[in-house]
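Residue numbers (my numbering), protein chains in the order written: chain A, 1 to 424; chain Z, 425 to 848.
Everything labelled a hint here was simulated from the structure, so no lab data went into it.
Fair warning: this is a prediction, and the values are worked out from it, not measured in the lab.
Be aware that a few hints might be false.
[Claimed, not checked] Residues of chain A placed beyond 12 Å of chain Z at every Cβ, according to the derived structure:
#, residue
1, LEU31
2, VAL85
3, LYS96
4, GLU156
5, HIS164
6, LEU313
7, TRP341
8, LYS353
9, LYS363
[To be verified] Lysine-lysine pairs mimicking DSS-like chemistry, simulated, CA-CA at most 27 Å apart:
#, chain 1, residue 1, chain 2, residue 2
10, Z, LYS485, A, LYS311
11, Z, LYS485, A, LYS407
12, Z, LYS735, A, LYS61
13, A, LYS322, Z, LYS485
14, Z, LYS485, A, LYS61
Positions of the beta carbon are idealized from the N, C-alpha and C atoms, including for glycine.
Protein chains: 2
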Amino acid sequence: MKRSALSELGRSTEPPAISWLMEVALSRPNLVSLAAGFTDNESLPLNQTRELLDEILRSPKTGRPALQYGTTAGDPELRKLTAAVSHSQDVAAGAKVAKYTASQTVITHGSQQLLYILTEALCDPGDIVILEDPTYFVYLGIAQSHRLQCRGVRLEADGIDLAHLEQVLESLKKSGDLPRVKMLYLVSYFQNPTGTTTSFAKKVKALELLRRYEKFAGHPIYLLEDAAYRELRFSGADEASALAAAKFSDRVLYTSTYSKPFATGVRVGFGILPPEILEVVLRIKGNHDFGTANLLQRIMTAALSSTAYDKHLPQLRARYAKKAITMTNAIREHFPSQVEWAEPAGGLYVWAKVPDKIKSGTKSKLFQTALENDVLYVPGELCYANDPTRRKPNSAMRISFGGANEKNIALGIARLGGVLKKFL
Amino acid sequence: MKRSALSELGRSTEPPAISWLMEVALSRPNLVSLAAGFTDNESLPLNQTRELLDEILRSPKTGRPALQYGTTAGDPELRKLTAAVSHSQDVAAGAKVAKYTASQTVITHGSQQLLYILTEALCDPGDIVILEDPTYFVYLGIAQSHRLQCRGVRLEADGIDLAHLEQVLESLKKSGDLPRVKMLYLVSYFQNPTGTTTSFAKKVKALELLRRYEKFAGHPIYLLEDAAYRELRFSGADEASALAAAKFSDRVLYTSTYSKPFATGVRVGFGILPPEILEVVLRIKGNHDFGTANLLQRIMTAALSSTAYDKHLPQLRARYAKKAITMTNAIREHFPSQVEWAEPAGGLYVWAKVPDKIKSGTKSKLFQTALENDVLYVPGELCYANDPTRRKPNSAMRISFGGANEKNIALGIARLGGVLKKFL
Numbered sequence: 001m002k003r004s005a006l007s008e009l010g011r012s013t014e015p016p017a018i019s020w021l022m023e024v025a026l027s028r029p030n031l032v033s034l035a036a037g038f039t040d041n042e043s044l045p046l047n048q049t050r051e052l053l054d055e056i057l058r059s060p061k062t063g064r065p066a067l068q069y070g071t072t073a074g075d076p077e078l079r080k081l082t083a084a085v086s087h088s089q090d091v092a093a094g095a096k097v098a099k100y101t102a103s104q105t106v107i108t109h110g111s112q113q114l115l116y117i118l119t120e121a122l123c124d125p126g127d128i129v130i131l132e133d134p135t136y137f138v139y140l141g142i143a144q145s146h147r148l149q150c151r152g153v154r155l156e157a158d159g160i161d162l163a164h165l166e167q168v169l170e171s172l173k174k175s176g177d178l179p180r181v182k183m184l185y186l187v188s189y190f191q192n193p194t195g196t197t198t199s200f201a202k203k204v205k206a207l208e209l210l211r212r213y214e215k216f217a218g219h220p221i222y223l224l225e226d227a228a229y230r231e232l233r234f235s236g237a238d239e240a241s242a243l244a245a246a247k248f249s250d251r252v253l254y255t256s257t258y259s260k261p262f263a264t265g266v267r268v269g270f271g272i273l274p275p276e277i278l279e280v281v282l283r284i285k286g287n288h289d290f291g292t293a294n295l296l297q298r299i300m301t302a303a304l305s306s307t308a309y310d311k312h313l314p315q316l317r318a319r320y321a322k323k324a325i326t327m328t329n330a331i332r333e334h335f336p337s338q339v340e341w342a343e344p345a346g347g348l349y350v351w352a353k354v355p356d357k358i359k360s361g362t363k364s365k366l367f368q369t370a371l372e373n374d375v376l377y378v379p380g381e382l383c384y385a386n387d388p389t390r391r392k393p394n395s396a397m398r399i400s401f402g403g404a405n406e407k408n409i410a411l412g413i414a415r416l417g418g419v420l421k422k423f424l
Numbered sequence: 425m426k427r428s429a430l431s432e433l434g435r436s437t438e439p440p441a442i443s444w445l446m447e448v449a450l451s452r453p454n455l456v457s458l459a460a461g462f463t464d465n466e467s468l469p470l471n472q473t474r475e476l477l478d479e480i481l482r483s484p485k486t487g488r489p490a491l492q493y494g495t496t497a498g499d500p501e502l503r504k505l506t507a508a509v510s511h512s513q514d515v516a517a518g519a520k521v522a523k524y525t526a527s528q529t530v531i532t533h534g535s536q537q538l539l540y541i542l543t544e545a546l547c548d549p550g551d552i553v554i555l556e557d558p559t560y561f562v563y564l565g566i567a568q569s570h571r572l573q574c575r576g577v578r579l580e581a582d583g584i585d586l587a588h589l590e591q592v593l594e595s596l597k598k599s600g601d602l603p604r605v606k607m608l609y610l611v612s613y614f615q616n617p618t619g620t621t622t623s624f625a626k627k628v629k630a631l632e633l634l635r636r637y638e639k640f641a642g643h644p645i646y647l648l649e650d651a652a653y654r655e656l657r658f659s660g661a662d663e664a665s666a667l668a669a670a671k672f673s674d675r676v677l678y679t680s681t682y683s684k685p686f687a688t689g690v691r692v693g694f695g696i697l698p699p700e701i702l703e704v705v706l707r708i709k710g711n712h713d714f715g716t717a718n719l720l721q722r723i724m725t726a727a728l729s730s731t732a733y734d735k736h737l738p739q740l741r742a743r744y745a746k747k748a749i750t751m752t753n754a755i756r757e758h759f760p761s762q763v764e765w766a767e768p769a770g771g772l773y774v775w776a777k778v779p780d781k782i783k784s785g786t787k788s789k790l791f792q793t794a795l796e797n798d799v800l801y802v803p804g805e806l807c808y809a810n811d812p813t814r815r816k817p818n819s820a821m822r823i824s825f826g827g828a829n830e831k832n833i834a835l836g837i838a839r840l841g842g843v844l845k846k847f848l
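Here chain A stands alone, though its shape is the one from the complex (with noise of 0.2 Å):
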């Protein structure tokens, strides 16, 4: 049998990046990766969880719903709850904006499973989708999947370059492309992988931009706002959602997860959408497993009902913080001053940023002699999108707090500064 049978979507999918990083992880024993997104272990909340957990399983009424099957929209009592958590975030960031409700709300196996599915209700081959250049490499995979056109837009400290998105916007109006253009896709908190936080009033401005391009398209051309690291800020005032931005709610898709805040073992995403893609994101859904385990579910409401992830919440961004403190004086101690990076006020992530004429990427001689060094980071060229109107950019790295103890992050930034000193 000489031809395989696997689909157009089969056969486009690559190998995730992240898989090629974890087996040269594990084939060096002694390596420090500051490359995977992993979350702290120290404080994931083993105790809560356990307790939580006691509590829903001991008496049936709790405990066989949290067993059962549920709906493919989620726990009606949970949707509530991170309807109105998401409201007061904005409202204690500054908005004024009428609540946001259950019906908007659907619950997700992570909001990685959302990303995919408003892809696929809303994407076919070929269409394009404007994103943070560099971006979430996972999302990318999804877009390559796909076969979708990505353009990148520019990030400045407070996130996308507005001037570059109009631009972006226009070239795609004069080449005919704009039906086409179906999202902006933006990581608005400490995004992966740079850290930068987009405020809320270029969400706002990216939104009117976006509508004055839509009479072009034809067609809504919605943000698709990943919310992600969102509740991992350790300094700073929060910005408020694009759902803030109440004029423009029909055009917003708003992801967001408590795999993050709480424990990425227990993985419960959300999202608040308008009702026509809630519809079909629910039929959709209703295809991939007709609704996310309930158990799961049941720990988070329970969670967000009690004061478990309130209480946990705060211990967690202490930790993040210090972590975050950790790498920052180590970067300052060992990397080369021709090294940009900028300090971390949320998130997991630190962009540490070469001369141009040195590379970063996985066949890069940097690459190669940090892994020899035994430690690995996220190859900045990673996270950027194949976008034709651009060459790549192959000087970064994306170096993570997340998942490493503070010795290692000390000992891994260390061997990264020890490293990089040999090529500048």
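Place chain Z on chain A using the hints.
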């Protein structure tokens, strides 16, 4: 904005039949639903799950990995146990076959997720899936959403009618459509909706037939075996899975689940797949969720490696046996003799066929009258694919003894019998 931004898939995915049935159910508070595919509430393993979780979360050594991200393929220990359990089942069913291995195995968010991913991996719009007539209606949702063509193969008491399968293949060969045929989908144990179990002999013969026609397809034609109800046998002997047909092991996609035999709220499914398909499945699952929630997986690992799972199964089987008897006794008492049905040997369903002149569909008088009498069944028509080569049958009902308690099973069947008597 007149046009929508939806993709082909977004536009063509229909609302799942089950949502409509659930809405109907909610609108009538005294309704007895024999429609839902819910599992039995009273036998859900509350105490066992609580104890397992208490044990897992008590120690950081086991608790932390349970609350952390894992790998896309799943917990290595659970993959190993799953391969071993599936192999033992086949050996116990009389098969002589080499061990299945962890490296062939993937853990998924229910087996539904794997059915979805396998279909994505193999099928482009317009491709053909051959399936049982009738079949699992949520699979029909996946096929419909992906704009697949379906061809139904009639069922006999021991599984698909092989002569009809050959006839379908032959006619696809003649019309030049074999290159579009990607797989034969069989729900092989206590099939949803008919309760039919496919004999091992028939699986082997189906694989032989598929292989014979492959040369005209120009690529492999897979047997997708959905063994979701396998563990729910309460009488008779187990049949080996198609995996045991070693000669054809490169063509068998075996999917099953712990949701039904353990807890649907825990939602852990799995697959045992040929390496070239597993690789693609893992790439796609990397984009879906990069791994099933670890906490759920660790519960199943603990259940399988302790006595919890093995102790639970016989209790569960006894419970379903009892509920099945309650249902069949009530059927014997209340249904007119013209209704054809078979004694279930496992699973959750009885399939009842009324004479052809009586319609049972959602718009039928029978269905409406049943609803007015506060009893809900799944209309058989929902379980039939849109196969242009035959008229869709519309005179059967799927009635489930899974979710309802014994009192309601008896009550529901009495009501349904009363309605049927008006029509016969």
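Verification of the hints:
{"no.": "1", "hint": "LEU31", "verdict": "holds, 17 Å"}
{"no.": "2", "hint": "VAL85", "verdict": "holds, 20 Å"}
{"no.": "3", "hint": "LYS96", "verdict": "holds, 26 Å"}
{"no.": "4", "hint": "GLU156", "verdict": "holds, 27 Å"}
{"no.": "5", "hint": "HIS164", "verdict": "holds, 23 Å"}
{"no.": "6", "hint": "LEU313", "verdict": "holds, 15 Å"}
{"no.": "7", "hint": "TRP341", "verdict": "holds, 25 Å"}
{"no.": "8", "hint": "LYS353", "verdict": "holds, 27 Å"}
{"no.": "9", "hint": "LYS363", "verdict": "holds, 21 Å"}
{"no.": "10", "hint": "Z:LYS485 - A:LYS311", "verdict": "holds, 23 Å"}
{"no.": "11", "hint": "Z:LYS485 - A:LYS407", "verdict": "holds, 19 Å"}
{"no.": "12", "hint": "Z:LYS735 - A:LYS61", "verdict": "holds, 23 Å"}
{"no.": "13", "hint": "A:LYS322 - Z:LYS485", "verdict": "holds, 23 Å"}
{"no.": "14", "hint": "Z:LYS485 - A:LYS61", "verdict": "violated, 31 Å"}
Comparing the model with each earlier hint shows a violation of hint 14 alone; every other hint is respected.
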